[in-house]
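Q: Take a look at the letters that make up each chain.
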Amino acid sequence: MTLSALRVAIIVFPGSNCDRDMMVAIEQLTSRRPALVWHKEASLDAADLVIIPGGFSFGDYLRCGALAGRSPIMNAVLDHAARGGAVMGICNGFQILTETGMVPGVLIRNAGLKFSCRNVGLRPCETLASPFTAGLDLGEDLTIPIAHNEGNYFADADELDRIEGNGQVAFRYAASDAGGPVNPNGASRDIAGVLSSNGRVLGMMPHPERAMSKLHGGTDGAKFLLKSLEALVS
Amino acid sequence: MQAIVNISLKEGVLDPQGRAISHSLNDLGFSEVGDVRVGKQILLEIDETDPARLRQRVARMCETLLSNTVIEDYSIDIPDEQ
Amino acid sequence: MQAIVNISLKEGVLDPQGRAISHSLNDLGFSEVGDVRVGKQILLEIDETDPARLRQRVARMCETLLSNTVIEDYSIDIPDEQ
Amino acid sequence: MTSASDVMTFENAATMGLSRDEWDLINQRLGRTPNLCELGIFSAMWSEHCSYKSSKKWLKTLPIDGPQVIEGPGENAGAVDIGDGLAAIFKIESHNHPSFIEPYQGAATGVGGILRDVFTMGARPVALLNALRFGAAEHEKTRHLVGGVVLGIGGYGNCIGIPTVGGEVNFDKSYNGNILVNAMAVGLANSDRIFRSAATGPGNPVIYVGAKTGRDGIHGATMASAEFSDETESKRPTVQVGDPFTGKLLMEACLELMASDSVLSIQDMGAAGLTSSSVEMASKGGLGMEIDLDLVPAREENMSAYELMLSESQERMLMVLKPDATETARAIFNKWDLDFMPIGRVTETGRLILLKDGGTACDIPIGPLVDDAPEYDRPHGDAPTRKQLASSDITNDAPITNMLKTMLGHVDLASRRWIYEQYDSQVMADTIAGPGGDAALVRVHGSKRGLAMSTDCTPRYVEADPKMGGAQAVAEAYRNLSAIGATPLAITNNLNFGNPEKPEIMTQLVESVLGMGDAARQLDTPVVSGNVSLYNETDGKAIQPCPVIGMVGVIENVDDAVGNCFVAADQDIFVIGQSDKADDGWLGASIYQQHHGDDGIYAPPPLDLVAEQKTGSFVRQQILGGGINAAHDIADGGLAVAIAEMAMRSGFGAEIAVPKTGNLHGWAFGEDQARFVVTTADSQALIAAAKEAGIDITKLGMVSDQGELKFGDNDTISIADLNAVFEGCIPALMAG
Ligand SMILES: Nc1ncnc2c1ncn2[C@@H]1O[C@H](COP(=O)(O)OP(=O)(O)O)[C@@H](O)[C@H]1O
Ligand SMILES: [Mg+2]
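Residue numbers (my numbering), protein chains in the order written: chain A, 4 to 237; chain B, 3 to 84; chain C, 3 to 84; chain D, 2 to 737.
Misleading hints may appear alongside valid ones.
Chain D side only, calculated, beta carbon under 8 Å to chain B, not exhaustive [stated by the list, open to error]:
1. Gly215
2. Arg300
3. Glu302
4. Ser305
Cross-link-like lysine to aspartate or glutamate pairs, in silico, DMTMM-like; alpha carbons within 25 Å at most [said to hold, decoys possible]:
5. A/Lys217 with D/Asp561
6. C/Lys42 with B/Glu47
7. B/Lys42 with B/Glu65
8. D/Lys700 with D/Asp584
9. A/Lys217 with D/Asp560
10. D/Lys692 with D/Glu505
11. B/Lys12 with C/Asp82
12. A/Lys43 with D/Glu253
13. A/Lys217 with D/Glu557
14. D/Lys542 with D/Asp383
15. D/Lys388 with D/Asp519
16. D/Lys336 with B/Asp29
17. B/Lys42 with C/Asp75
18. C/Lys42 with B/Glu65
19. C/Lys42 with B/Glu74
Calculated directly from the structure, the hints in this document are not laboratory data. Keep in mind that this is a model prediction, so the values were computed, not measured. We treat Cβ as the ideally placed atom computed from N, Cα and C, and that holds for glycine.
Extracted from the complex, chain A is given alone in its bound form (with noise of 0.2 Å):
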């Protein structure tokens, strides 16, 4: 399969707005447009890649992806990923995803108690079997925009050993150019991204889609999502 046979469907709650981003940043890599997909419907189309954006679905009311997370889209999304379909999760995304239960943890409200925009580094980790992860250096960090209010990750010591011996962490927070503490928002054990049991689902807070050219500041987030996307071809 080429990357243009990919078939990578963005779902879209009221307030998300980082759905145009990403689909811009997917069609760059892939010559081809993601489908956007809006919460109401009950089902989803086949895909090879099922994308949760950032921005602030409903509002963050509740709780950050509390509401999205029983949008009648969601169903879908977990059948599709019951049956290993791959989905990544971005910000939000990956908000909705714990609220889902989708990946482990929850995220709750940044330790600064302030919403964070700001370039941080982003060390891969060394995971279980994932197209998330199969194609990054170990020994290369990435410097990647967060942009969040609720990112601090939180699990209980048991549950961070258990995702942490299974390989399911896949990235932790480094220290970058930008400076700045290298844990942003008091992350349990500086986690930034977290894998499902299977690897087939990705949740993590900073933004690819917002380092994908020279004129962004910087490619690596082109470079990630590219390494994802040429893992589910293959």
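Got chain A sorted already, so can you dock chains B, C and D with the ligands onto it with the hints?
A: What follows is chains B, C and D with the ligands alone, placed relative to chain A:
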């Protein structure tokens, strides 16, 4: 001693969060749900043994920090008072 | 009928907001304040006349949406029950 | 009318801020005494906020025309042609009083309001900026206000998904009791698909969309037109609460509907809510409007006609639709879960008729509401002349770097990172240069073209010399855009002043508007929109005058833009706009003067608009031609601060030669205008080009990779030391 402060939006102040929750509950099949309002509940552990003085101090805390009196009302509950 | 849902963080779950409030209160001269935890209080107007059934329905709402049972506990208060 | 007890008296009118003359005029125009609802409508429409009664005469002197102007002042926002069949649509607006009372909601609704102004015109908003003024850093309320305002701006902008790409913030004790919160929004539309507000076609349906109406912010426009006192603060009118989530839905729904060819005219409900929107739409169309208030979606029960008309609930719009488009429109709004309600129709009567509970709650001719709105020529005089400050009267022999460190570690100049990292500056993925540069740069989606923008004002100059200060704000914005290589196109402005009934305040307003006009004419940046906020006083004391400029410009190819960081070691550093004879500088009204604890008011640096245009154009051309690879305009803190900023932002150091004679601090910290610090990879070519253009250019030194800033032979400081104080200041202030 413990004090519980409940903070709610003043009447008439828009509660967009409550509205969104109410909609979602309706959509999830809880059609009986009408108005929803969301407030905060703050639990404080305080080194104080006199319930009356405790209430007084907590009221001061509400006025100075805990509640935004422009748009919020607060009420104080001291479980040990009973 | 009204239902009140109180949602609090489970013990052991970090509460950065509560910690910040506790510090601020200390700084403001309320040195007697120790641990602070922040929870939510949700008030629901519900079209239901039977308190028992109301409680049951609200529990369902909590489990499906209102609370994230991984990190939160909830309690339900039905004022009309008494 | 509704009831006898509802007949108003002058006392009622006075509590709504109307004068005796204005009251008499209302009675005369109506031929009877108004009822409460009618009086409320008059008072809102005739408030300073809606009628511009003190400033109108002077606003008319501003240049508003140019080949680039598509829509000048008068609509919800201004529009300029940026090429490719596209228009940039932008405006700035103040939310000063609400933000002082409730900083979070005040700032948030300020952002929401200005965004509605922009998308009402059919533009998708692509960028937000702001201009903030707070009281002294050490004032007891400052921390709370800064924290709340920043949270509110981020709270709305981040959630609705429009990047906040720039702004400015100053601290001064004159704002202790009256902060300024000005928000600017910039959007993009096809030039031939711009929507306007004039109602058309008698009989056409008038539709209410968006959120429901509650009792919030009732009579906010009148409040915004009154002075502050401790009493107002305790009265605490119900503040408006922003709902960025509904704002986002409303924006998407409106833009979707506008693409469907259904909308004839549209107007957001901002200040004075349903009153100003209905009156303005009808008045601009030369028509009337009839509205059935019982149909207005209300959030609370038993709302009176007065409350419904004067509520400032957020996220609402009024539209006139093509008669057969109602169902298309309804479907779109239903999809977005928003209220959609036909509440009336356009009429030929020229009257505003409001029905309620089976009766007529209001019946007034629209003409007087708008045309008879008072216009005052308030007394004013000459601005005081100021003494010049000689450098030798204030400077000392301390090393430049000592002074630099003190200045960069003070709130006046310290890094704003603590603020702007709380804003999502990147959402929409077209931000090329966000906060931290001279002007922000946002790519036109799907193209190489870029929109550049900046907000600027230096209140201490305006206070010292309002005419120079009004012009300088335009010149500084012009410089900021030029420094990245963008061509300035037009401006919006926000006039923040004290009580215009005081001649000395009126003088500030008049003079700075005249100065602004001069600069806008000379720099070819007409005024396309703006906002006036008067009565910024607390207990009789006025703020430092603050006429903020928001400028928008364009760059053909974003690849050509440069930043204000050094790019490579060993490159030459030049100052453009300064001769190599310069060995002193202008310290009157400078930050340096402030930091020496001299609070006298001295003459600010002279401004030469022709020089501004010449140097600005030269820098732009050189950037676009590749002759300059980094540029930074010289503003607050002078030359030394500009160089230090370029070093800190890049991590490179610099070795700077200092003059052998003269006044070193004057040279380093003087705030002479029309200057840029630049670097180049080809010094000979740059010098030759400057000579040919007749522009002063002086080599200052070289970029180094030593991590140090060196002035002359033995005055050195490490960039890390500078960074520590520069970045540490505001976090320390906010941590308390
Ligand atoms: N309130 C604010 N909001 C967003 N950005 C800000 C704010 N204040 C300052 N900035 C950003 O910080 C940078 C430095 O600000 P400032 O010192 O005012 O710049 P200048 O002197 O070039 O006008 C600019 O890029 C500006 O956009
Ligand atoms: Mg600048």
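Q: Against each hint, give a clear statement of whether it holds in the structure.
A: Tested hints:
1. Taken as an interface hint, D/Gly215 checks out: its beta carbon lies about 6 Å from the nearest beta carbon of chain B, inside 8 Å.
2. Hint status for D/Arg300: holds, given a least beta-carbon distance of 7 Å to chain B, under 8 Å.
3. Taking 8 Å as the C-beta contact cut-off toward chain B, the hint placing D/Glu302 at the interface is violated, the least distance being around 11 Å.
4. The beta carbon of D/Ser305 comes no nearer than 14 Å to any beta carbon in chain B, farther than 8 Å, and the hint placing it at the interface is violated.
5. Taking the CA atoms of A/Lys217 and D/Asp561, the gap is near 13 Å; set against the 25 Å cutoff, the hint holds.
6. Restraint check for C/Lys42 and B/Glu47: satisfied, since their Cα atoms lie roughly 17 Å apart, inside the 25 Å limit.
7. Between B/Lys42 and B/Glu65, the direct Cα distance comes to roughly 15 Å. Compliance with the 25 Å bound is thereby established for this hinted pair.
8. Using a Cα cut-off of 25 Å, the hinted pair D/Lys700 and D/Asp584 holds, with the two alpha carbons roughly 13 Å apart.
9. For a cut-off of 25 Å, the pair hint linking A/Lys217 to D/Asp560 stands: about 9 Å separates their Cα positions.
10. With a CA separation close to 45 Å, the supplied pair D/Lys692 and D/Glu505 exceeds the 25 Å bound.
11. In summary, the hint linking B/Lys12 to C/Asp82 is supported, as the alpha carbons are separated by about 22 Å, within the 25 Å threshold.
12. The straight-line distance between the Cα atoms of A/Lys43 and D/Glu253 is roughly 16 Å, inside the 25 Å bound, and the hint therefore holds.
13. The suggested pairing of A/Lys217 with D/Glu557 holds, with an alpha-carbon distance near 17 Å, which does not exceed 25 Å.
14. Taken as a hint, the D/Lys542 and D/Asp383 pair is honoured in the structure, with Cα atoms around 20 Å apart against an allowance of 25 Å.
15. Pair hint D/Lys388 plus D/Asp519 holds up; C-alpha atoms about 24 Å apart against a cutoff of 25 Å.
16. A C-alpha spacing of about 14 Å is found between D/Lys336 and B/Asp29, which places the hinted pair at or below 25 Å, so the restraint holds.
17. At roughly 15 Å between alpha-carbon atoms, B/Lys42 and C/Asp75 fall within 25 Å of each other, so this suggested pair holds.
18. At most 25 Å may separate the alpha-carbon atoms for a hinted pair to count; C/Lys42 and B/Glu65 meet this at roughly 19 Å.
19. Using a Cα cut-off of 25 Å, the hinted pair C/Lys42 and B/Glu74 holds, with the two alpha carbons roughly 14 Å apart.
Of the numbered hints listed earlier, those contradicted by the structure are 3, 4, 10.
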